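Make the complex out of the two chains shown on their own, each in a separate frame, by following the hints.
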Amino acid sequence: LGGKASAYSTDEKPNSFEDITNYNNFYEFGTGKTDPAEYAGSLKTAPWSIKVGGLVDKPGSYGVEDLAPDAALEERIYRLRCVEAWSMVIPWLGVPLASVLNKAGVQPGAKYVAFQTLLDPKQMPGQRSAIIDWPYREGLRLDEAMHSLTILATGLYGKALPNQNGAPIRLVVPWKYGFKSVKSIVSITLTDKQPATSWQELQPSEYGFYANVNPQVDHPRWSQATERRIGAGLFGGRQETLMFNGYGEQVAGLYAGMDLRRNY
Amino acid sequence: MLQALNRGLRHVPVWAVWLAGLIPLALLVWDGMQGHLRVDPIRDIEHRLGRTAIYMLMATLAVTPLLRLTRVNLMRFRQALGLICFTYAACHLASWVVFDMSFRWAQMLGDVVKRPYLIFGMVAFCMLLALAVTSNRASIRRLGPNWRRLHRLAYPAAILAALHWLWALKLWESWPLTILAAILLLLAQRLPGFPRLGPPKATTSLRH
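Chains as they are written, first to last, in the numbering used here: chain A, 1 to 264; chain B, 1 to 208.
Be aware that a few hints might be false.
Stated by the list, open to error - Label-pair distances were calculated between CB atoms; the ranges are: (1) A:236 <-> B:25: 19 to 29 Å; (2) A:256 <-> B:188: 48 to 58 Å; (3) B:8 <-> A:128: 41 to 51 Å; (4) A:258 <-> B:146: 24 to 34 Å; (5) B:19 <-> A:234: 41 to 51 Å; (6) B:147 <-> A:262: 21 to 31 Å; (7) A:235 <-> B:171: 22 to 32 Å.
As the list claims (entries may be wrong) - Here chain A is said to cover these stretches of chain B; the calculated rule only asks that three of the stretch's residues, wherever they fall, bring their Cβ under 8 Å from a Cβ of chain A: (8) 79-86; (9) 152-158.
Everything labelled a hint here was simulated from the structure, so no lab data went into it.
Here the structure is a predicted model, which means the values were calculated and not measured.
In this text, a Cβ means the ideal position worked out from N, Cα and C, and glycines have one as well.
So here's chain B without its partners, still in its complex pose (with noise of 0.2 Å):
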């Protein structure tokens, strides 16, 4: 069951993966069009953009836990839904910068070195733009160890995004508070000690 499974995987594409990640895009650009955004379509959109960031963040930082727990591989798609993340917090800062402040860099800058809810977006940025630089097969070899080191910026990031949410809010509202908590679970299956299963048996996998 599972090994058919991971073999239905990998014959799925990983253009599919982003297919699949860009239709959330695609329904937001869907209700922007028919004018189903409303009263403030900035907001909508500067807020779908980011959660959506948020959320496809959590998928890639699920796939490491899925193999570990059920075995299911999803590794060859994590590239793309860490670039998929990616698109998503650039389109959501260029809302941000676009409709929402509409170019007022000094106001930007400004508030970008003082607000917390923004430092703590603009840091998780620049770190997501690190990993994204360095996703492909160069920079694997290049960065060579350094390169599992750097990826574990994504673990800061998540957090720093989840904190962005909560710090930009007048009240602890309990969705973003979940999201980090589910945040904080994916990162500590990665701590000693967790359950995992072992390694596949020997049989499983000289079948390759």
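In isolation and in its complexed conformation, chain A is listed as follows (with noise of 0.2 Å):
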């Protein structure tokens, strides 16, 4: 598998193959961070189909080839910052969701895409206990899903996405933090009225819809304003998280006039 170099990709050093696929939070397989390293083996990501529907011209069910053809992935090497304040640089292999959701058609009036993880406890060992509301959702607004940085990622490492990164297909938005980043995507759908997404649901004052990686509004519990570069090594210290996670000059417009401390 390959992508093409894109002029978005940081030239900051990816963390290895090992710590991207060693160091997850996907809670489907677990809680603990080699957990879905240990436990995805039993996702079965083949046949995959992703329900595209709402508010576009033509819904229906999609395989992962359709929405992200091998011939048209980009290698967009991104920061991920996760809300945990640790971080990681990752190859990843995607098309722009812009892509995918122009070939569906968007109608006039959807103003937000709706994303659902799989719902399967007998593939999904963690969907057992009910710890989240399952399936996983996740959502953006339109302007968010259409930016040329938000991807649909199928692969890493010029390899096809391991199970526990979330294949066969993820979201990645590399300026808001890592859990609005939804994994093993079955659908998407395009609303006029925002989504629920699922920590917000669970906890709506430590996770907001908008979920920006900024580093003056702290989540409750613990301070946002640095962050541990994962591969870093014992004495690797820490470093200042940025604004938008460092993709302020791309991003900052979609967020300008509104109070960023409210809309969290």
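What follows is the structure in structure tokens.
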């Protein structure tokens, strides 16, 4: 698997494949960081279909190859900032979400995009405990979804996406906390109302709909001012967290005039 | 049987408890040197030290209920268990300061006064520190009846330590909840009305 290089890629050094595939938050397979690597083998990623629906001209079920054909893949080396104040750099392979939405034909009334992860406790043992109201749901405002930084990823490091990273297809929104980038997507729905999202439903005072990386707005229980880069070693220290995870130049305009303290 | 056990326990030197108590630390160092800590060694070090401190505190708090319910007497080892707990708590705090926060004092101080989970943890640590520095015979003599009162701080410290763990997580996870429940059970044993065996019969105590 390969992808065209992209001007959006960072020149920071990517984390190792080992790091990226053995340190995951994917509660469908357990809450421990190594649970996904250990248990995601039970996920069957082929055949897989993604239901595209709601306010689109061509609703229907699509295969991964329909939405993200191998020939269209780009390599996007992005920073990933977790809400838990750690970060990584990941060389994703994917296609702009905008290309997928444009193919489906977004209708004028659409304002938001809602995503859902597979619901199948047989394949996803973590779903057998009701820690989250499964299935995992996420959403974006339409302009966020159409932004050229937003991709649907099907691979990383030149390989098909490993199960623990959200195979076969996942969202990547690099200026938002990692939990926005929903994994193992089975449905994409265009709506005119802001969709309910899993973490916001669970703890609205701690997780907002926007979840933009913002060093000035702390999580109520911990600071977001700095982060620890995974793989930096015992004495790697911490680094300052950047506004919009360093993508402010591209995305700050989306939020012009908005109070980011209230819309966290 | 019970008498034989307690007699046998009297021959176990206290340093053996120290040695056993430091096994988790040795395993952690070993795992670190062998590269078994893998992707995020800082998190593993910090969390393993913290969990062990709580387990050791629970062991310390189990000594009295064990004596009351089964008459197995580990009183001689309680001071060592408490100090081992404090050792792990101190290492846990040090790993946070050195590895996790890398001496960012301003952020640490700001967080410690603002973040409930850090407040819980730091208050628990201060309590354990007070217990550790007064765990010697001289303090017991000097403080008299106040010593017992002071050392009841182990109870709130245990609850705060468990809350510190729970509050640092994104979800209510079952293992730390189980630990909190176990701590509350250990503390409840101390309330009046909880079952206990009476004092040993005179015949057995005369044999001493």
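Hints and how they fare:
{"no.": "1", "hint": "A:236 <-> B:25: 19 to 29 Å", "result": "holds, 23 Å"}
{"no.": "2", "hint": "A:256 <-> B:188: 48 to 58 Å", "result": "holds, 57 Å"}
{"no.": "3", "hint": "B:8 <-> A:128: 41 to 51 Å", "result": "holds, 45 Å"}
{"no.": "4", "hint": "A:258 <-> B:146: 24 to 34 Å", "result": "violated, 58 Å"}
{"no.": "5", "hint": "B:19 <-> A:234: 41 to 51 Å", "result": "violated, 26 Å"}
{"no.": "6", "hint": "B:147 <-> A:262: 21 to 31 Å", "result": "violated, 52 Å"}
{"no.": "7", "hint": "A:235 <-> B:171: 22 to 32 Å", "result": "holds, 31 Å"}
{"no.": "8", "hint": "79-86", "result": "violated (count 0)"}
{"no.": "9", "hint": "152-158", "result": "violated (count 0)"}
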